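**Q** Take a look at the letters that make up each chain.
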Amino acid sequence: MITINNLSKVYETKKVLSIENLDFHKGQTIGLVGNNGAGKTTLFSLILDLIEPTSGYVSIDQEKVNQSENWKNKVGAFIDETFLIGYLTPEEYFYFLGELRGQSKANVDEFLKNFNDFFNGEILNAKKYIRDLSKGNMKKVGIIGALIGTPAIIILDEPFANLDPSTQIKLKNLIRDWSQNSDSTFLISSHDLAHTTEVCERIVVINKGELVRDIQTSPETLRDLEQYFADQVLVNTL
Amino acid sequence: MLQRFIKLEFKSFFRSSSLATNIIVKIFQLLGMLYLLMMFVFVAFGAFYFPKKELHVDPMPFISRFLIYWLVADLFLRYFFQQMPTQNIKPFLTMNIKKNTLVNYMISKTFSSFFSWGGLFIYIPLLGILLYNGYSIEGSFSWIFTIIILIFCNNFLNVLLNGKDIVVWIVGAVLVLAAGLDYYKIISLSSISELLFMKFYQHWWLIIVPILLMIVGFMITKKYIAGNFYLDKGLEMKQEVGKTESIQFLNHYGVLGTFINNDIRMIKRSKAAKSITMGSFLFLFYGLLMFSSPIYQTPYMELFMGLFVTGGFLFMFGQRVPSFDSSYYPLMMTLNVPYKEYLKAKWWMIVSAVAVSMVLAIGYAFVSWDLYFTFLAAGLYNVGVNSQIVLLSGAYNKNPVDLNARGKTLGKKNNFSFKSIILMLPQMVLPMAVFAGTKYMFGTTAAVASLGVLGLIGFLLREKFFDFIVKLYKKEKYSTIKAFKGN
Chain A
1 MITINNLSKV YETKKVLSIE NLDFHKGQTI GLVGNNGAGK TTLFSLILDL IEPTSGYVSI
61 DQEKVNQSEN WKNKVGAFID ETFLIGYLTP EEYFYFLGEL RGQSKANVDE FLKNFNDFFN
121 GEILNAKKYI RDLSKGNMKK VGIIGALIGT PAIIILDEPF ANLDPSTQIK LKNLIRDWSQ
181 NSDSTFLISS HDLAHTTEVC ERIVVINKGE LVRDIQTSPE TLRDLEQYFA DQVLVNTL
Chain B
1 MLQRFIKLEF KSFFRSSSLA TNIIVKIFQL LGMLYLLMMF VFVAFGAFYF PKKELHVDPM
61 PFISRFLIYW LVADLFLRYF FQQMPTQNIK PFLTMNIKKN TLVNYMISKT FSSFFSWGGL
121 FIYIPLLGIL LYNGYSIEGS FSWIFTIIIL IFCNNFLNVL LNGKDIVVWI VGAVLVLAAG
181 LDYYKIISLS SISELLFMKF YQHWWLIIVP ILLMIVGFMI TKKYIAGNFY LDKGLEMKQE
241 VGKTESIQFL NHYGVLGTFI NNDIRMIKRS KAAKSITMGS FLFLFYGLLM FSSPIYQTPY
301 MELFMGLFVT GGFLFMFGQR VPSFDSSYYP LMMTLNVPYK EYLKAKWWMI VSAVAVSMVL
361 AIGYAFVSWD LYFTFLAAGL YNVGVNSQIV LLSGAYNKNP VDLNARGKTL GKKNNFSFKS
421 IILMLPQMVL PMAVFAGTKY MFGTTAAVAS LGVLGLIGFL LREKFFDFIV KLYKKEKYST
481 IKAFKGN
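These protein sequence lines are chains A and B, in that order. For the first sequence, the positions run 1 to 238 when the working numbering is used. For the second sequence, the positions run 1 to 487 when the working numbering is used.
Be careful, since some hints might not be right.
In silico lysine to aspartate or glutamate, EDC-like type, Cα no more than 20 Å apart, as pairs [stated by the list, open to error]:
no. : chain 1 : residue 1 : chain 2 : residue 2
1   : A       : 64        : B       : 476
2   : A       : 128       : B       : 476
3   : B       : 477       : A       : 69
4   : B       : 477       : A       : 210
What the simulated footprint calls covered on chain A by chain B, stretch by stretch (three residues with Cβ under 8 Å from a Cβ of chain B suffice, anywhere in the stretch; the number is not a length) [what the hints assert, rightly or not]:
no. : region
5   : 11-23
6   : 27-38
7   : 43-50
8   : 83-92
9   : 126-136
Derived by calculation from the structure, the hints in this document are not laboratory data. For clarity, every value in this text was computed on a predicted model and none was experimentally measured. Where is the CB? At the ideal position from N, CA and C, for every residue including glycine.
Using the sequences provided together with the hints, build the complete structure.
**A** Here you go:
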């Protein structure tokens, strides 16, 4: 579904991303891990055509993202608060997204019923504009917003960050159920190795802009990853 | 400590991502200020010599009559145009700086506003003129400094009134009412004003009263700011109760209706959008300029005014499309947004505003029907042509808009790109030339018709025009996303 080909991004003299080849297939749930500055958000921005690559391209279903707009029908994304419209209430925001994804208000209402537990009563009918919600609640709005219309590809940048422990567990379950019961492709970046290994069937590790690991998740994966990052610390202190 | 604060201010200015624009804006602001300061000096001379030479009255009582109005008007203007220094204090709150120091810093920042010291360029020269003309030294000093100190008290009052819009509007209304009553000699606030201020000249030791007022004002303001120096009080935005709402009939128009609904919500709920919209309402009064000098009574200048009278919202809002959406531009770029519908929604809002202005401008018919028809012609041109050109101009405008900024952005001009100036030609120069030319040769009716025809042509071509703007949005996508990120 998503093909990354000879992709690189250079800012002034610094090469922040360089990936020769990476394919994400339909139905996969992929976790993207790496340290800060590794290039995860850059990669997402390139996939979503928010920045121009210095070389190479990203294509979704064989169409390059910077040449066609068809991919917008297929992708739901939540990267940061620039994906939220602060002056709307959560309901208005969801209806807006629904409208653009061909979902009627009734459809959206029906869909949102699935998340009453996730929302914990603080989002819907909360009488607040999105800009006045707590950071964690804003996150929730963004994540669920990305799911409206059940797009084929869902991209979430660090969804677990800023969420309280209970919500993190709820989110994990949500993603797991979702990926099992549909053939949506999930692309999730995270700093949390434990969550990522629990939820994702494939893990891609990026370090300093380069692809260093691409593994199918197994019971040993968590330990392997922890070892990898521990080694990185040693390497950097030597 | 103050030095450190100043250094930080400099760094904040020079490291801002829109520095280039900011510098240009600052230069224009500086030039504007210098011009105003020169004007102020002339005002000082005029205020003295006009009553003396033309009206043959003693200038001092004459000026005193207007002082109460002057003070209230100053307060009114400041309230809407002077920035409050509440932002950027947050990081200092937990640092090893005494709260007292921060409060003093905030108060002194209000004195650095042009509104506080600009007036000195009127009062000090006026003092000089008084002394030169032989008025008593103590009396003149007392009189002038009373004015200056009361203006400072206005500064404190402005801080205390911050956020209480209602009070200020009431004050403004009372002022206008009082002026009216005065003019028709029913109740004369100006005689009271004259008596009051002349006392300060006659008994110079009365200056102690304003001085005391200022000290008290300072203490009250200080107490107020210190008391509100908490995140859930004065330093952050008040949270409003959120209402989920929409304009029902718009829901029948699909995506177009949704976009319009969102824009209306944005205007209702965001400080910046709201104040820009309110400000554009003030343009309806732009036509009153006509009374200020004969240069405005020529056909092409009348059309110029008409373009603004009917096009206040067009220019203020249209220039900021898509900048108003800068804080969620990445969302708009990754969603399946039909750009043409997006543009059409903005276009409908602009055109509706022009139509409403054209109706409201009927007030100008009291001046002359000819003037109103001129304004109508401008409106037609605005509807048909400028509504689209301004959207084009906005596409080149890459200044992000912080919707939550205490929107006193009317004083800032943020569009000085070369392209926007070029676009002024078809927006203003062309209709002015066509109108004036046709009127000269064939009279008013023909002139109005000529602009109506141009407007109609523009209206018919709008689909093509929107296509062009959509292409532009796509072409400028990456640089716009980058520009909107910075703050």
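**Q** Please go over all the hints and tell whether each is borne out by the structure.
**A** Verification of the supplied hints:
1. A:64 <-> B:476: The hint holds at about 18 Å.
2. A:128 <-> B:476: Roughly 34 Å separates the two Cα atoms, so the pair is violated.
3. B:477 <-> A:69: 13 Å, holds
4. B:477 <-> A:210: Status violated; Cα separation ~27 Å.
5. 11-23: violated (count 0)
6. 27-38: violated (count 0)
7. 43-50: That given contact holds, which follows from 3 residues of the region 43-50 of chain A lying within Cβ reach (below 8 Å) of chain B.
8. 83-92: With 9 residues close enough to chain B, the hint holds.
9. 126-136: Holds: 6 residues of the region 126-136 of chain A have a Cβ under 8 Å from chain B.
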